[in-house]
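Given the coordinates of chain A, work out where chain B should sit on it, guided by the hints.
Heads up: the sequence lines are chains A and B, in that order.
Each residue of the first sequence is one higher than the last, beginning at 2 in my numbering.
Each residue of the second sequence is one higher than the last, beginning at 240 in my numbering.
The hints are simulated quantities; they were obtained by calculation from the structure and are not laboratory data.
A quick note: this is a predicted structure, and the numbers were derived from the prediction, not measured.
Errors might be hidden in some of the hints.
Under the rule of at most 30 Å between Cα atoms (straight-line distance), these lysine-lysine pairs were calculated in the DSSO-like manner [unchecked claim]:
| id | chain 1 | residue 1 | chain 2 | residue 2 |
| --- | --- | --- | --- | --- |
| 1 | A | 450 | A | 423 |
| 2 | B | 397 | B | 469 |
| 3 | B | 609 | B | 546 |
| 4 | B | 609 | A | 458 |
| 5 | A | 423 | A | 378 |
| 6 | A | 378 | A | 299 |
| 7 | A | 459 | A | 378 |
| 8 | B | 609 | A | 159 |
| 9 | A | 355 | B | 675 |
| 10 | A | 459 | B | 251 |
| 11 | A | 286 | A | 299 |
| 12 | A | 378 | A | 450 |
| 13 | A | 159 | A | 355 |
| 14 | A | 159 | B | 397 |
| 15 | B | 546 | A | 406 |
| 16 | A | 450 | A | 286 |
| 17 | B | 251 | A | 455 |
| 18 | A | 450 | B | 251 |
| 19 | B | 469 | B | 426 |
| 20 | B | 609 | B | 675 |
| 21 | A | 406 | A | 455 |
| 22 | B | 393 | B | 426 |
| 23 | B | 393 | A | 378 |
| 24 | B | 469 | A | 159 |
| 25 | B | 526 | A | 9 |
| 26 | B | 393 | B | 609 |
| 27 | A | 406 | A | 378 |
| 28 | B | 546 | A | 459 |
| 29 | A | 423 | B | 546 |
| 30 | A | 378 | A | 286 |
| 31 | A | 406 | A | 459 |
| 32 | B | 546 | A | 9 |
| 33 | A | 423 | A | 299 |
If you want the building blocks of each chain, they are given just below.
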Amino acid sequence: MSHLFEHKGADGRGYSQPEPVAPVDNLQIPSTLVRSSPPRWPRLSEPEMVRHYTWLSTRNFGIDTGFYPLGSCTMKHNPRVNEVIAQLPGIADIHPLQPEHQIQGTLAIFHEMQDMLGICAGMDAVTLQPVAGAQGEFTAIRCIQEYFRSRGELGRTKVIVPDSAHGTNPASAAMAGFEIIEIPSQEDGRIDLDALRAVVGDDTAAMMITNPSTLGVFEPEIAQAAEIVHDAGGQMYYDGANFNAILGRTSPGLMGFDAVHYNLHKTFSQPHGGGGPGSGPIGVKSHLAQFLPGPVVKRRPILTGDQLTSANQEWWYHWHQPANSIGKVQQWHGNSGAVIRCWAYYRRYGRSLKTMSEHAVLNANYLRHRIIMEAEKAGVRHLFADGAPVDVVKHEFTISMAPMKEECGIGAMDIAKGLLDKGYMAPTVYFPLIVPECMMVEPTETESKETLDKFAKKFVEVLQEDPDVLHNAPITTNVRRVDEVYAARNLTLSYPFDE
Amino acid sequence: MVDQLPNLGREKEMLDAMGMSSIDDLFADIPEAVRMTEELPLPPPQSEEEIIADARRLLGANVALGDRVNFLGAGLNRNYVPASVFQLVTRGEFLTSYTPYQPEVSQGMLQAMWEFQTLISELVGLEVANLSVYDGSTAAAEALTCSVRVHNRKAEQKDTVYVSELVPPSRRSVIYNYTQGGGIEVKTLRHNPDGTLDLDSLAQAAGSCGVYVEQPNPLGILDGGLTRVKEIIGQNTAFIVGVAPVSLGIIEAPGNYGADIVIGEGQALGSPITYGGPLYGIFACTKAYLRQMPGRIVGRSIDVDGKEAFCLTLSTREQHIRRHRATSNICTNETLIALMGAMHMSLLGPEGLAKLAQRNMAACQLAKQKLSEISTIAVPHQSNSHFNEFVVELPGPASECIAYLDTQGLIGGFDLSTWYPERANWLLVSFSDQTKATEIELLAAHLAVWSASLMQGVSA
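With the rest of the complex left out, here is chain A (with noise of 0.2 Å):
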């Protein structure tokens, strides 16, 4: 174990810098705001800084490590050529504030990515604006809140979520001042329109749902929900979370959806970073268009006049603000480093979306497909349940592990723990909360059949474990398990200097 404020150094000729452009020492510091005493920060060379984070690199598990199966999360190939393009300082080096006539590149892609998202999504108007899909969501419902307001729907206050939905949807219609009305699903994880019909009325803002669920399964009734939605004259919300399974092959605006949240960095992979930076634009209908975020890119034929650059072959593109703009969730234009990385994704597939959508399914029902081949031949199928009996699932795929858990006590965390020390990540443990020890498997698009193959047999041979050993598990990782409850009792946020 080694520490970053263990590095002491004398001083701070570690890293040098030219000398300032004046005399420092008659800087006009009001006397009350001379800092006191330095931060106690590290004093570290540059060999030693590169040390010391190549070694937490070397602790920390990514895509590139090795098979990152994490349900919901969306865990694709990030292709290199999009972080060239983004250190590029045609998008590095500009400001949020620079004239339109110097960031007509950056315009151009915007216009193209706002346009792309709305064709994949079904929707007439995009913002780019929301740098998190929790934003999104919030920011999509704020438009829907401004839309009733505007039409002197006062009453409107509630908004109805599945119990299978992803915690943001309540706590982002919560943050917008909504009351949340939780609705149960089937036995099978699907909507259960009777318990929808139930609770709509002139108080409904929206309804919020991700279709495909969380469970991985097509909800076959989506379109009657939007018409019961619709008929009391609430909105409908897609949760794009689960995007990746359905590109080109129906959309968000078929469903009935009025508005729409795009993961930017799970759908068009923006590299995730260990929690971020992503990326949520949102897309609407016509109708709640004038309440998008601003400004949104437009474009015009080019005029006479116009300071035309490579970027300029037939149109100048523009900056609008939609007239009853609800204002701004994030102060400059959202995460447009994410936003290029995905133009350039994009730029991959064109109209083949639809291949990548298709190969992520393909993947999904082949994985568990091959795992419950694999159970069976090993004799242990019954360890493991559907989260959902269904013939086909969409991207990913849930199984609840409460049959081994009766048998012997081992349940999903153990599990999961077991295949870290066989080297994957674990897929995502304990959610959706209605299925019971559930684990949650995504493969995406980018993995080999052989990958594929080679998990679910690991995947089994997990099951066929002596329990001992995975209680135990993990043994071959950096740490073995943490404990969260000490952590969570023995507060220490910060490195202990007195310690």
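Same frame as chain A, but now just chain B:
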């Protein structure tokens, strides 16, 4: 032809194994009524070579700040970021990892973020920091809602917070969107004509849930009066300070003059401006606010062998557990950009940070001196001290001055009438560690020429 798909051409083999005959079988569960029947109306796939060529053509059309002499900042700052930061942050183990839900295989990022929390705590002088929120604007908004959660029960002015009138409309709009749902009223704190906070009228904020001010403020002013804010507003009102983190190399940590929550735009430490995103928001507070804090926090723990280990902690505040009662909806944050910040900070060390702050401030002070020597323009807050930026009052509209400077190859600054419509002639000029003395001379010369020509025009 697309790439990136290892199983292209092997579909039949995989479908056969499942007893299916076509890809369509996999989508049979989508009802016909909602199926997309037409091909997506998009262009054909491109190869990597074609994509990068297009990217170079399009992004090459932009004017990069580095192509020009640049004085545009307005809260974002073009400091030099050491090459090692970019080299290390693209290591795939960091770059391509998700949120560290499995701590046993995520110790690297967890430890790096725990170290980041420590670096920020030390920088701002508070006990606790989270591992980033989206940016400075959402950090301000989250701090205000946090202050209401903590203080509302005992507050005399329930559901009420106060925000400096100088906070730009773009940041204020984010604050509005985050606070309106909770029925929080955002009232305004006045500033004196010299740009400092009006401490006489601050007393009205006592008994509210929180007060938000910035140091330096949006006009670049370092306001010594802020050290008296906490005594005026009292223990039951959160004192929230938005900082420019580099300034804290030489400027007092707000935690040492009574701040309860310190937030800020972290970008200047570790990250390029990148058209305003991704950035990272700093969020730090005293222990009294910890349980109501938004965002993820890493704690130190032990593994079953008693060995030091790190994991996410206090997650019962968060949406995946608390759902609609969560302290915030945030989950994905800006970890990788915060990691860049941590790398930059660890390379600087305390002396390096102080020097970086001095370089920023020296450039600003030199420019203020040079520009105040020009008789046809004014520096309205000249007697104050400034960090990174200050206001120049012109004899004509700032927008026209910026257009003129553009023709001379300068990105001249920011037209403050965008933020404060009554200030048509105010230009906000910004300086960083990258500003050269010759560039300041150039700005002074061009401002003198432009303003003189304007004055001549007026007198004629």
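Each hint, compared with the structure:
1. A:450 <-> A:423: This hinted pair holds, its Cα atoms lying about 18 Å apart.
2. B:397 <-> B:469: holds (19 Å)
3. B:609 <-> B:546: violated (59 Å)
4. B:609 <-> A:458: violated (73 Å)
5. A:423 <-> A:378: holds (20 Å)
6. A:378 <-> A:299: Outside the cut-off at roughly 58 Å; violated.
7. A:459 <-> A:378: holds (13 Å)
8. B:609 <-> A:159: It is violated: about 59 Å lies between the C-alpha atoms, which goes past 30 Å.
9. A:355 <-> B:675: Distance ~52 Å between residue 355 of chain A and residue 675 of chain B Cα, so the pair is violated.
10. A:459 <-> B:251: Distance ~24 Å between residue 459 of chain A and residue 251 of chain B Cα, so the pair holds.
11. A:286 <-> A:299: Cα-Cα ~17 Å, so holds.
12. A:378 <-> A:450: holds (19 Å)
13. A:159 <-> A:355: Distance of about 35 Å is beyond 30 Å: violated.
14. A:159 <-> B:397: Roughly 24 Å separates the two Cα atoms, so the pair holds.
15. B:546 <-> A:406: Given that 30 Å is the threshold and the Cα spacing comes to 28 Å, the pair holds.
16. A:450 <-> A:286: With a Cα-Cα distance of about 39 Å, the restraint between residue 450 of chain A and residue 286 of chain A is violated, given a limit of 30 Å.
17. B:251 <-> A:455: Holds. Residue 251 of chain B to residue 455 of chain A sits at ~19 Å (cutoff 30 Å).
18. A:450 <-> B:251: holds (12 Å)
19. B:469 <-> B:426: holds (18 Å)
20. B:609 <-> B:675: holds (13 Å)
21. A:406 <-> A:455: holds (24 Å)
22. B:393 <-> B:426: holds (19 Å)
23. B:393 <-> A:378: Given pair residue 393 of chain B, residue 378 of chain A is violated - Cα atoms ~65 Å apart, limit 30 Å.
24. B:469 <-> A:159: violated (39 Å)
25. B:526 <-> A:9: holds (27 Å)
26. B:393 <-> B:609: violated (51 Å)
27. A:406 <-> A:378: holds (21 Å)
28. B:546 <-> A:459: holds (28 Å)
29. A:423 <-> B:546: holds (22 Å)
30. A:378 <-> A:286: violated (50 Å)
31. A:406 <-> A:459: holds (19 Å)
32. B:546 <-> A:9: Given pair residue 546 of chain B, residue 9 of chain A holds - Cα atoms ~24 Å apart, limit 30 Å.
33. A:423 <-> A:299: violated (51 Å)
Hint check: violations occur at hints 3, 4, 6, 8, 9, 13, 16, 23, 24, 26, 30 and 33; the rest are consistent with the structure.
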